[in-house]
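Trainee: Read off the chains here:
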Amino acid sequence: MWRFVIRRALFGLLVLWLVATTVFLLFFAGPADSVARRLAGPRAPQEVVNQIRDTLGLDRPLTQQYLGFLNKLLHGDLGTSFISQTPVSTLIMASLPATLWLVAGAAALWLTAGVTGGVICATAPRSLRDRLITVTVLAGISLPTFVLGIFMIFLALSVFPWLGLAPGPYIPPLEDIRGFFQVMIMPWITLAVVQAAVYVRLTRGSMLDTLGEDYIRTARAKGAPEHRVTYRHGLRAALTPVVTQFGVDIGALLGGVVVTESVFGLQGLGQLMIRSVRDGDLPVIIGAAVLAAAFIVVANILVDIAYSFLDPRVRLT
Amino acid sequence: MALLEVADLRVTFPTPDGPVQAVRGVSFQVDRGRTLGIVGESGSGKSVSTQTLMGLTQGARVSGSAKFEGRELIGMPEPELRKLRGAQISMIFQDPLSSLHPLYTVGWQIVEAIRLHEPATTKAQARKRAIEQLGLVGIPQPDRRVDDYPHQFSGGMRQRVMIAMALALNPKLIIADEPTTALDATVQAQILDLMIRLQQEFDTALIMITHDLGVIAGMADEVLVMYAGKPVEHAERREIYYAPHHPYTVGLLESVPSVSGAKDRLRPVPGAPPSLLTPPTGCGFHPRCRYAMPRCPVEEPPLIRGSACWLPRDIVGTGPEAARRRSEAAGR
Ligand SMILES: Nc1ncnc2c1ncn2[C@@H]1O[C@H](COP(=O)(O)OP(=O)(O)OP(=O)(O)O)[C@@H](O)[C@H]1O
Ligand code: SF4
Ligand SMILES: [Mg+2]
Numbered sequence: 000m001w002r003f004v005i006r007r008a009l010f011g012l013l014v015l016w017l018v019a020t021t022v023f024l025l026f027f028a029g030p031a032d033s034v035a036r037r038l039a040g041p042r043a044p045q046e047v048v049n050q051i052r053d054t055l056g057l058d059r060p061l062t063q064q065y066l067g068f069l070n071k072l073l074h075g076d077l078g079t080s081f082i083s084q085t086p087v088s089t090l091i092m093a094s095l096p097a098t099l100w101l102v103a104g105a106a107a108l109w110l111t112a113g114v115t116g117g118v119i120c121a122t123a124p125r126s127l128r129d130r131l132i133t134v135t136v137l138a139g140i141s142l143p144t145f146v147l148g149i150f151m152i153f154l155a156l157s158v159f160p161w162l163g164l165a166p167g168p169y170i171p172p173l174e175d176i177r178g179f180f181q182v183m184i185m186p187w188i189t190l191a192v193v194q195a196a197v198y199v200r201l202t203r204g205s206m207l208d209t210l211g212e213d214y215i216r217t218a219r220a221k222g223a224p225e226h227r228v229t230y231r232h233g234l235r236a237a238l239t240p241v242v243t244q245f246g247v248d249i250g251a252l253l254g255g256v257v258v259t260e261s262v263f264g265l266q267g268l269g270q271l272m273i274r275s276v277r278d279g280d281l282p283v284i285i286g287a288a289v290l291a292a293a294f295i296v297v298a299n300i301l302v303d304i305a306y307s308f309l310d311p312r313v314r315l316t
Numbered sequence: 000m001a002l003l004e005v006a007d008l009r010v011t012f013p014t015p016d017g018p019v020q021a022v023r024g025v026s027f028q029v030d031r032g033r034t035l036g037i038v039g040e041s042g043s044g045k046s047v048s049t050q051t052l053m054g055l056t057q058g059a060r061v062s063g064s065a066k067f068e069g070r071e072l073i074g075m076p077e078p079e080l081r082k083l084r085g086a087q088i089s090m091i092f093q094d095p096l097s098s099l100h101p102l103y104t105v106g107w108q109i110v111e112a113i114r115l116h117e118p119a120t121t122k123a124q125a126r127k128r129a130i131e132q133l134g135l136v137g138i139p140q141p142d143r144r145v146d147d148y149p150h151q152f153s154g155g156m157r158q159r160v161m162i163a164m165a166l167a168l169n170p171k172l173i174i175a176d177e178p179t180t181a182l183d184a185t186v187q188a189q190i191l192d193l194m195i196r197l198q199q200e201f202d203t204a205l206i207m208i209t210h211d212l213g214v215i216a217g218m219a220d221e222v223l224v225m226y227a228g229k230p231v232e233h234a235e236r237r238e239i240y241y242a243p244h245h246p247y248t249v250g251l252l253e254s255v256p257s258v259s260g261a262k263d264r265l266r267p268v269p270g271a272p273p274s275l276l277t278p279p280t281g282c283g284f285h286p287r288c289r290y291a292m293p294r295c296p297v298e299e300p301p302l303i304r305g306s307a308c309w310l311p312r313d314i315v316g317t318g319p320e321a322a323r324r325r326s327e328a329a330g331r
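Chains as they are written, first to last, in numbering that gives the first Met the number 0: chain U, 0 to 316; chain P, 0 to 331.
By construction, these hints were calculated from the structure, which means they are not laboratory data.
Be aware that a few hints might be false.
[What the hints assert, rightly or not] Output of the computed footprint for chain P on chain U, the stretches with three or more beta carbons under 8 Å from beta carbons of chain P:
| id | region |
| --- | --- |
| 1 | 210–224 |
| 2 | 231–240 |
[Unchecked claim] Calculated Cβ distances over 12 Å to all of chain U for the following chain P residues:
| id | residue |
| --- | --- |
| 3 | E77 |
| 4 | I109 |
| 5 | K127 |
| 6 | G134 |
| 7 | G270 |
We put the CB at the ideal spot given by N, CA and C, even for glycine.
Can you build the whole structure from these sequences, using the hints too?
Mentor: And the structure:
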């Protein structure tokens, strides 16, 4: 078990190193001046280009630059933004909580709603309630996030103004818990709706497969009541693919939830990424990209470990 | 009054293509300490008729009667039926790998079976009993294997686990649905021996379902042969094996693998089973029967003296001589 965990962790580190190296080569390979020009952007004046070349030491040999890059990365030093002149790590740390809270809250919503909906459908396939939920899910999946977001803002401002819901920058919960919820509820729902729709489908399918298994018949033949058959026997087995998907989704979303964050002006990692791409702020782009990759890698390792806890058949040594 | 008395059981599944008449009038009785074999090819309704007794055929239209210790099972409210399932009537299924839950230890699954019916039993007590049960069915080192998962057992050992679980509450009736089909020949024999031993020890009634008459040759007291949802021959073991009357039973006997193993398996009954959406008229077997007479597709032969066939009652047995007499009677 632990050997497996360690092996997966080492493999994850390897992937992260490859990501970092690729990013480095993508941006820093080439003659010093053209690299500096690329970093600064086509419209930047020559002084800025020169300044970038000198501060980053672009005329040093590539291996030396590479070692310096890795060394800084290991110490959490991701460089300094060209635009705001603040350390990239500071910018990221400022944007991270909004994204973390957004994903955490939405995940709780969509997982609950998705699994519940899926189980309700699967226990009565082709019934009226199954069809109703399936149609709703189709609508949910095909609804573009920004349309839903804008519609929610419209509702919040014109129909339920007394709720005090408003789009706006993230408010830390410890600072103003009421304000935190007023800002977060709409993005949570917006992000959760589409995801919940996906999870209803996933759970329904997985649950239908499971409920057709012979061991479900065995459970009934033992005299287990129907709810026990559904949950202890059925859902327990149907959950494995759901957990896998959940880990992968969380990992991908933590890197930034671009559309939802932008619609509500949450100022999380997704928006930081968008802004830095627009401004050509390369150190920030690199930092955010490496962080997003790290989230995905870590999430995948956690999924593998969770998987081996969930299913004794894949329990590895 | 026999332990289980089934009379004119009919089971129909509504499907998008129309009603599937899986069981069309089956009657039998089983008593304590006795074994009934139910034989027939795939799709003949063996599983459906027995699972219906336990209320396991969801969505089916059921008619007829099935009395267990005098209590009617058909239409019995689910909570009452549930008290019988697993406690008074147990089932053993064909494929022990897929019939055991892959994510729980075998101990957990046996403990669950016990505690579902005896909520007062503590987990520790139930576990002790689970270990005893595993020992009883011949699993070595049961106190250690109890914490293993089904995939850690061999096929035969897994079926022993299923048997241990089915016997955990000392049921009065065991329904074994092709318990050895998924196992290889030697293991098959061991499992059958085990079942016979346990049945005699606990004086249980046993229904053995199989598509291979060879499997129950040594254990069934009587045999019910099913074809397309109907009983076509129903008799004491001796009669079925030494003096079969129905051409389908004869065909099944001739397809039994010989002692030397499945290698030189004789020809299976030629033809394919009929559709249960539109079962054949008259005798259900007539499209495949070598001796079909003009009346066969028109008039349905009743089950008289153990066989539902228009051929004269005195023509029985397998082999060329019986075949010649049947052809003669059929006018061929
Ligand atoms: N839930 C269901 N819905 C529709 N048809 C069904 C259903 N369950 C069984 N059937 C049909 O009923 C018929 C009898 O099935 P059953 O499982 O009893 O056959 P069997 O004799 O046990 O065969 P096997 O040897 O393959 O187990 C089959 O044709 C099957 O397709
Ligand atoms: S009744 Fe006719 S068709 Fe049916 S088994 Fe007998 S001979 Fe064959
Ligand atoms: Mg069957």
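Trainee: Determine for every hint whether it applies to the structure shown.
Mentor: Cross-check of the supplied hints:
Residues of the region 210–224 of chain U lying with their CB closer than 8 Å to a CB of chain P number 12, which satisfies the three-residue condition for coverage. Beta-carbon proximity to chain P at under 8 Å applies to 3 residues in the region 231–240 of chain U; the threshold of 3 is reached and the given coverage holds. Against chain U, the non-interface label of P/E77 is violated: not every CB pair exceeds 12 Å, the least being about 8 Å. Interface exclusion of P/I109 from chain U breaks down, the closest Cβ pair being 10 Å apart, not more than 12 Å.
Consistency note on P/K127: stated as away from chain U, and its beta-carbon is indeed over 12 Å from all of that chain's, at 19 Å minimum. Against the 12 Å criterion, P/G134 stays outside the reach of chain U, whose nearest CB is about 21 Å from its own CB. The non-interface label for P/G270 is consistent with chain U: the shortest C-beta to C-beta separation is roughly 29 Å, beyond 12 Å.
When held up to the earlier numbered hints, the structure conflicts with 3, 4 and fits the remainder.
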